[in-house]
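So the protein lines, in turn, are chains A and B.
Read in the working numbering, the first sequence has 138 at position 138, and its numbers run on one by one without any break.
Read in the working numbering, the second sequence has 119 at position 119, and its numbers run on one by one without any break.
Careful: at least some of the hints might be erroneous.
[Unchecked claim] EDC-like, lysine to aspartate or glutamate: derived pairs with alpha carbons at most 20 Å apart:
(1) A:Lys67 to A:Asp28
(2) A:Lys71 to B:Glu39
(3) A:Lys71 to A:Glu17
(4) A:Lys67 to A:Glu79
(5) A:Lys71 to A:Asp28
(6) A:Lys67 to B:Glu164
(7) A:Lys71 to A:Glu19
(8) A:Lys67 to A:Asp140
(9) A:Lys71 to A:Glu11
(10) A:Lys71 to B:Asp190
(11) A:Lys67 to A:Asp30
(12) A:Lys67 to B:Glu166
(13) A:Lys67 to B:Asp45
(14) A:Lys67 to B:Asp77
(15) A:Lys71 to B:Asp77
(16) A:Lys71 to B:Glu166
(17) A:Lys67 to A:Asp77
[Claimed, not checked] Cβ pair distances, simulated, as ranges:
(18) A:Gln37 to B:Glu63: 14 to 22 Å
(19) A:Glu19 to B:Val187: 33 to 41 Å
(20) A:Asp28 to B:Tyr175: 17 to 25 Å
(21) A:Thr70 to B:Asn146: 26 to 34 Å
(22) A:Gly12 to B:Ile185: 57 to 65 Å
(23) B:Pro188 to A:Asp30: 36 to 44 Å
[What the hints assert, rightly or not] Looking from chain B toward chain A, a few residues come up when the C-beta cut is under 8 Å (computed):
(24) Glu29
(25) Ala55
(26) Val66
(27) Pro79
Read the hints as simulated data drawn from the structure, not as lab findings.
For each residue, glycine too, the CB sits at the ideal point set by N, CA and C.
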Amino acid sequence: MSGHQKIREQEGRRDAEHELIRQGQAGDRDALQSLWQTNRRWVAAIVLAHRPRTIDVEDLMQDVAIKFITKVDTLRDVEAFRPWLRRIVINVCRGAARSHKHTLHLSTGPASSDDDDQRGSVNVPAADGQSADEQVALSDSARRVLHQVMSLPAEYREPLLLRSMRGMSYQQIGEVLELPVTTIETRLARARRMLREEIGEEVWSEGT
Amino acid sequence: MAETNQHNLDDHGELSEIDRLLSLLTDGEATDSDRQRFEQYAAGDAELWRRLADAQESAAMLERYVDAELAAALDVDLPVVAAHAAAPARSLRGPWIVAGVGWAAVLVLAVLWTASPGAAPSIDGVQPVDVPTPRVPMITYDEAYNLYLEAPWVRGQMQPHLTEIEPLDNGMMRYWIMRRIEEFIDVPADQTIEIDGSRNLQVDPAALRNAMEPSDDNTGESRRP
Chain A
1 MSGHQKIREQ EGRRDAEHEL IRQGQAGDRD ALQSLWQTNR RWVAAIVLAH RPRTIDVEDL
61 MQDVAIKFIT KVDTLRDVEA FRPWLRRIVI NVCRGAARSH KHTLHLSTGP ASSDDDDQRG
121 SVNVPAADGQ SADEQVALSD SARRVLHQVM SLPAEYREPL LLRSMRGMSY QQIGEVLELP
181 VTTIETRLAR ARRMLREEIG EEVWSEGT
Chain B
1 MAETNQHNLD DHGELSEIDR LLSLLTDGEA TDSDRQRFEQ YAAGDAELWR RLADAQESAA
61 MLERYVDAEL AAALDVDLPV VAAHAAAPAR SLRGPWIVAG VGWAAVLVLA VLWTASPGAA
121 PSIDGVQPVD VPTPRVPMIT YDEAYNLYLE APWVRGQMQP HLTEIEPLDN GMMRYWIMRR
181 IEEFIDVPAD QTIEIDGSRN LQVDPAALRN AMEPSDDNTG ESRRP
């Protein structure tokens, strides 16, 4: 696909999304559903980047879904939809970090002393309906890699996780993060180098 | 080689052009010019091709890891918004309300009843003396619920789960929340308890516990807070 075709396709997708936002704000539930389904992959990546370590991504996604459906009519500029949704995600994660100390999570045990850490290590969420096998699906090396990703500063962690949700171009990541494409390029390259320095080659090769 | 090292300088933590090109090529975002630059470097250092292959493999692996980590989260849909005055999904909600706040409500009733001597029933036809009702600190439903969570047989509660959002006529939104408590009941090995195919208990847990557990006098452990 040529560069021009790609740009036209992106513009077409953006226009369609803006139309869905307007329809959703007018009360069209199907439009909201479609918007959510189109965007929830990267939303999940942002949740993963910002969640407190003892709260499941799934639970936070539910909170984000509620905020999305109840606040969408407050969005004034449809062009700013993705940054707006990202801010909702970050606020939900921060709110959860403030309040979750009082809730005992059966899957992870009592809250630990470093719960305030927004970054968090990777623990496979014990979501309802998951079998024990599914809950331990990630190998040790996967856990180690994800742990290191979570240990990166947020400015590197976020674009790397967004990029790891297949299908997001630098341009789209830049729209979500409100950053120029050149900055996304630099941050991704730097994030990968930091990971390589921290993890080394052997962990990656373990998973092959 | 010398040129490659010059462009791969890491001594001061600066990002090298090689790092940038590897990242762009890995993500399929490199321009023709970027590719040419990389090929120039690789012509002097064949090791760069291996680094590119490693970087691509690492990126693919990270995608798989993130996919696995987020598998359950990607099934999260928007909550169901009930229509005004629509019949709610009682079959889903009802039993869980009993299982969750139901016990708290029962506990509240029990506490209020035991704390109101003025309302005590007569015994053997003797009417109770009409004494002033003492000012007993009242316990709220939420406090009672939290109190129940402190019972020795309660292990904890799971994250509350939203089941439904219902718009109200007064402009408010009613959030229907399912709370789930995990607790245990010790049952003799030769006895079974009735469950259905979905492992739903067919007996009242409180009644079952009362039937199974010895009286307070025998255990020496008070079951009242």
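How the hints compare with the structure:
no.: 1; hint: A:Lys67 to A:Asp28; verdict: 16 Å, holds
no.: 2; hint: A:Lys71 to B:Glu39; verdict: 50 Å, violated
no.: 3; hint: A:Lys71 to A:Glu17; verdict: 17 Å, holds
no.: 4; hint: A:Lys67 to A:Glu79; verdict: 19 Å, holds
no.: 5; hint: A:Lys71 to A:Asp28; verdict: 14 Å, holds
no.: 6; hint: A:Lys67 to B:Glu164; verdict: 14 Å, holds
no.: 7; hint: A:Lys71 to A:Glu19; verdict: 17 Å, holds
no.: 8; hint: A:Lys67 to A:Asp140; verdict: 35 Å, violated
no.: 9; hint: A:Lys71 to A:Glu11; verdict: 25 Å, violated
no.: 10; hint: A:Lys71 to B:Asp190; verdict: 55 Å, violated
no.: 11; hint: A:Lys67 to A:Asp30; verdict: 17 Å, holds
no.: 12; hint: A:Lys67 to B:Glu166; verdict: 14 Å, holds
no.: 13; hint: A:Lys67 to B:Asp45; verdict: 52 Å, violated
no.: 14; hint: A:Lys67 to B:Asp77; verdict: 13 Å, holds
no.: 15; hint: A:Lys71 to B:Asp77; verdict: 16 Å, holds
no.: 16; hint: A:Lys71 to B:Glu166; verdict: 15 Å, holds
no.: 17; hint: A:Lys67 to A:Asp77; verdict: 17 Å, holds
no.: 18; hint: A:Gln37 to B:Glu63: 14 to 22 Å; verdict: 20 Å, holds
no.: 19; hint: A:Glu19 to B:Val187: 33 to 41 Å; verdict: 59 Å, violated
no.: 20; hint: A:Asp28 to B:Tyr175: 17 to 25 Å; verdict: 22 Å, holds
no.: 21; hint: A:Thr70 to B:Asn146: 26 to 34 Å; verdict: 27 Å, holds
no.: 22; hint: A:Gly12 to B:Ile185: 57 to 65 Å; verdict: 60 Å, holds
no.: 23; hint: B:Pro188 to A:Asp30: 36 to 44 Å; verdict: 55 Å, violated
no.: 24; hint: Glu29; verdict: 5 Å, holds
no.: 25; hint: Ala55; verdict: 7 Å, holds
no.: 26; hint: Val66; verdict: 4 Å, holds
no.: 27; hint: Pro79; verdict: 6 Å, holds
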